[in-house]
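Colleague: Chains A and B are the protein sequences, given in the same order. All residue numbers for the first sequence refer to the numbering used here, where the first residue is 4 and numbers rise by one. All residue numbers for the second sequence refer to the numbering used here, where the first residue is 11 and numbers rise by one.
No lab work stands behind these hints, which were simulated from the structure alone. A quick note: this is a predicted structure, and the numbers were derived from the prediction, not measured. Possibly wrong hints are sitting among the right ones.
To be verified - Computed list of lysine-lysine pairs in DSS-like fashion (alpha-carbon distance at most 25 Å, straight line):
id : chain 1 : residue 1 : chain 2 : residue 2
1  : A       : Lys156    : B       : Lys567
2  : A       : Lys17     : B       : Lys538
3  : B       : Lys538    : A       : Lys12
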Amino acid sequence: MTCITPPAKKIWWKEPIEKAELMWIGIVVVWGLILTLMMPLWHIYGDQNLSNETYRTTPERFQAKTQEMVDQYTVRTEGERQFPVVAPPVGSDVYMVARLWDWWPILELKEGQSYRIHLTSMDWNHGFSLQPVNLNIQVLPGYEHVFTVTPNKTGEYAIICNEFCGIGHHNMVGKIHVVN
Amino acid sequence: MSDSNNFRTCPDTGLLLHKPAVSLMQAYAVAAVVFLLIGGTMGLGVGLTRWPEVHLLGAQDFYKTLTGHGINVLIFWIIFFEMAVLAFASSTVLRCRMATPKLSWVAFFMMVIGAAMNNYAVWELNSAVMMTSYAPMPAHWSFYLGLILFAVGALINCFIFLGTLIIAKKEKTYEGSIPLVTFGALTACIIAIFTIASGALILLPTLLWQLGLIANIDAGVYRLIWWAFGHSSQQINVAAHVSIWYLVATIMFGAKPLSEKVSRFAFLLYIAVLQIASAHHLLVDPGVSAEWKIFNTSYAMYLAVMASMVHGVTVPGAMEAAQRARGYNNGLFEWLRKAPWRNPTFSSIMISLFGFGFLGGISGVMMGTEQLNLIIHNTVYVPGHFHATVVLGTTMAFMGITYWLVPILFRRELILKKLCAMQPYVFGIGMAGVALFMMGAGTLGVPRRHWDTSFTDTAFPYEFASSALSMMSLNGLSVVLAVIGGAMFCLLIVGSLLFGKKLGENEKCSEPLIVDAVTEEQYAALHKSNSNSIPGTLALAGIFFISFALYYFINWKYLAQTWGLS
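Between the sequences and the hints, there should be enough to build the whole structure, so can you do that?
Modeller: Following this line, the structure appears as structure tokens:
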């Protein structure tokens with residue numbers, strides 16, 4: 004009897020299982036439970052959990068809200084294209100636009116403080132990839148995703164796009180400053 | 011068997027071969043190798059472009075090459091080969107005529123036309139949208155139509171497989187239950203039907219959208235349904251290559267399954283709660299809740315992972331028990347040391363088993379954990395992972411069984427047997443390097459599907475850690491090695507078909523192709539002398555489990571050091 008012939012015993016599902024195999028299955032089942040439980044446990048005890056909060060939006064509506072924030076809290080501009088650098092109040096709602104091929108505007112956040120980031124795409128899928136922190140979030144058009152971030156170290160951070168979005172994809176890099 | 015002229019008996023294996031099925035297996039396997047050659051060559055272009063010091067292709071060509079690479083190897087090579095596997099596991103293993111071989115030829119040509127159409131769309135109609143073609147990024151309508159044609163062809167073959175099972179049952183070509191290898195192929199077939207239905211559900215509306223008949227495709231819904239297709243198709247591969255693992259345990263060692271019940275139940279787990287397999291690709295998406303992600307990514311309890319962990323022990327376990335019953339019963343590993351490591355079928359399968367388990371399996375669970383996905387999503391860790399599962403796991407298993415099938419199906423000896431013996435190691439070491447170095451670079455944040463990680467033309471350039479870029483260089487070197495191994499495979503197989511020594515219908519191959527089955531008496535004697543017939547496999551499983559658990563908790567620690575997120 005082999006793997007390419009029918010089972011030796013017609014009633015094969017009543018055959019006993021060898022101890023060694025049973026022991027391994029036991030380990031595997033317990034490990035499966037641990038893997039599953041770690042996720043809800045991290046929601047209770049961990050500090051890195053992605054929020055569920057999402058709204059439907061349109062590019063026009065989202066652009067208007069972002070513009071309002073930019074008009075109110077821009078502190079300076081940066082780069083050849085004069086990107087606004089926005090320093091929003093601690094704890095406020097902060098808007099970030101992903102579009103072909105920019106992250107707009109640049110943010111200036113305070114270390115150890117929390118901000119509610121609103122994120123959407125104006126066109127296709129994009130990938131919010133904060134470096135070198137290495138936090139990665141998918142950005143979809145039509146969905147306004149709201150989550151809270153708490154920067155834990157000062158410095159200059161890059162947002163690179165890690166979802167392919169056409170020929171300019173590799174030039175889509177934004178910035179976040181974290182200051183004291 | 012009404013038409014016995016249509017059959018021949020393989021002099022090497024005793025298998026009863028239905029001639030129309032053999033012609034089809036030949037056609038599907040050759041088409042598969044052609045697409046492996048095309049897709050593999052594109053892989054070289056991708057690897058050399060992502061090697062920072064080489065940076066071979068321009069941006070436009072790179073994105074086209076990357077799209078073509080993914081589709082040609084991940085879809086066309088693998089699914090063409092799976093069509094041959096389905097025919098073998100039904101008609102050949104069950105010693106039965108194949109249902110409607112002519113219809114399978116129709117399906118074959120649909121698949122060839124579909125594959126050609128899709129490639130044309132990518133290269134000539136500017137549809138560099140990656141394999142995933144996430145709407146609303148548009149591709150030319152023929153991109154989707156090509157995939158649909160290909161998928162319908164595959165679907166037809168799934169039903170022919172089921173038809174063949176029915177014929178075998180009716181004509182009583184076997185008694186009792188179907189053999190384990192056929193059972194595994196049946197699970198692959200059932201998953202394939204679900205997969206293709208999901209593909210139709212998303213690709214048809216997308217095609218209509220590109221033809222202007224539908225106004226809008228929702229980006230989130232597209233991802234949800236596309237991954238029911240995209241992920242489940244990987245589940246087909248796993249079921250297919252695990253079936254081949256069992257097949258090789260039998261042909262190399264005359265092994266029987268340790269327990270029919272355990273192995274079959276593990277196959278069934280692959281089918282269980284399949285429809286929510288898309289979840290772990292959406293772990294950092296908006297619009298789906300944490301509860302949905304946790305429940306569905308773990309298939310309620312990581313059922314597919316558990317199934318693979320079981321096969322990962324029962325396959326080498328079956329080999330070990332057979333070897334020990336034959337007399338290689340000393341120490342923990344004599345059974346493994348005395349295995350035919352120079353036989354390319356065996357060595358490919360062992361690399362497949364270890365690569366899939368240690369590299370592919372462990373990294374897959376990291377990515378499939380809701381919060382850990384935050385530090386992995388869309389980095390090159392992801393292609394690192396699936397080069398371990400799909401290439402080391404599936405492709406190596408398919409390559410290994412091809413060496414065995416050439417004399418059986420084509421009646422030709424392999425050429426240059428020393429090179430054949432080396433090929434799995436060259437390809438396997440190269441591909442293990444590809445998987446590991448991409449995972450390493452991904453851990454440091456390097457994005458996937460990205461033309462220029464040195465950001466030379468960017469308004470706000472970012473500099474990756476030099477270790478991250480060196481990993482990408484090492485990845486490039488590994489790509490070169492793997493491509494050499496892949497090219498060796500294509501040349502050796504095509505060379506054998508053209509120039510291999512011809513074997514007459516009743517002439518035996520110079521080397522035995524199948525080992526006599528271990529007898530029940532031999533197994534009984536083993537059980538008398540050994541209380542545990544698989545100590546070596548359990549030791550290996552212990553090492554696997556410890557590496558798995560350590561790496562898992564290291565990743566949680568790494569996650570805990572990043573910004574707070576809620």
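Colleague: For every hint, state whether the structure bears it out.
Modeller: For each hint, the structure was consulted:
| no. | hint | result |
| --- | --- | --- |
| 1 | A:Lys156 with B:Lys567 | holds (17 Å) |
| 2 | A:Lys17 with B:Lys538 | holds (21 Å) |
| 3 | B:Lys538 with A:Lys12 | holds (20 Å) |
In summary, this structure violates none of the numbered hints.
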